[in-house]
Amino acid sequence: KVGRSTSSLAAYQVVGMIRTQADLDNLVNPDPNYNFNGDPPMLGQLIYKDNNHDGVIDDKDQAVIRNNNNPINLGWNVSASWNGFSLDATFSGRLNQWVSVGNLTGGVEWNRLWQPWATDSWNPTNPNASLPLRQSANDGTSDAFQSNSDFWWKNASFIRLRSLTIGYSIPKVLCKKIGIEGIKFYASGSNLFTISGFNSKYYDPELRYGTDFPIMRSMNLGANVSF
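Start counting the sequence shown at 1; every next residue gets the next number (our numbering).
Simulated from the structure, these hints should not be mistaken for lab results. Do not take every clue at face value.
To be verified - In the DSS-like style, the derived pairs of lysine-lysine whose C-alpha atoms are separated by at most 25 Å in a straight line are:
#: 1; residue 1: Lys172; residue 2: Lys184
#: 2; residue 1: Lys154; residue 2: Lys60
#: 3; residue 1: Lys60; residue 2: Lys49
#: 4; residue 1: Lys201; residue 2: Lys154
#: 5; residue 1: Lys154; residue 2: Lys49
Could you put the whole structure together from the sequences, leaning on the hints where they help?
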């Protein structure tokens, strides 16, 4: 929109969920024509804010939910040594990064199910679930459950230990006794841990989609010998 950051986020605004028949009646009785892009409301559906108060939820009801989504990139290198021991570490991360996990809404079939869809989605015996009714991606009414909304946008800020190397150099006096210049043993690893509230619930905060190949952790042991 004119006058806004190009990275501003616009989406529907969720104000609740139709958990019971009473909720559905309270929504429909004042306005029998209420619908979401032509689909009538049903149990387990998200309730969207009617910003233009016309009784119909459509693209005109979308609003800016974040003025910008420009993450702050972080980087920190640490090096230290003492009495033959050495440590080198690199941290990186992003703050103010928001990611839509709406791509997980497509994973509702038996062969690609996001676990919370099975354990924490609305159904008649679990009306207080945190997720709406699980709708098939092939269902004609799935838009009312899976459309872009602030319900799916989550804070994906993180700090990651990108690399870590710990080493120990044998004293030169000892090395010369066996006829070599020096020996250094080391252990190194990459992507050893991530501090984030996002990855424990969804997926790695550096991935674009939840179905992308994960960022791998690696560890190595080795020795450098100088003659």
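Verification of the supplied hints:
no.: 1; hint: Lys172 - Lys184; result: holds, 10 Å
no.: 2; hint: Lys154 - Lys60; result: holds, 23 Å
no.: 3; hint: Lys60 - Lys49; result: holds, 11 Å
no.: 4; hint: Lys201 - Lys154; result: holds, 10 Å
no.: 5; hint: Lys154 - Lys49; result: holds, 19 Å
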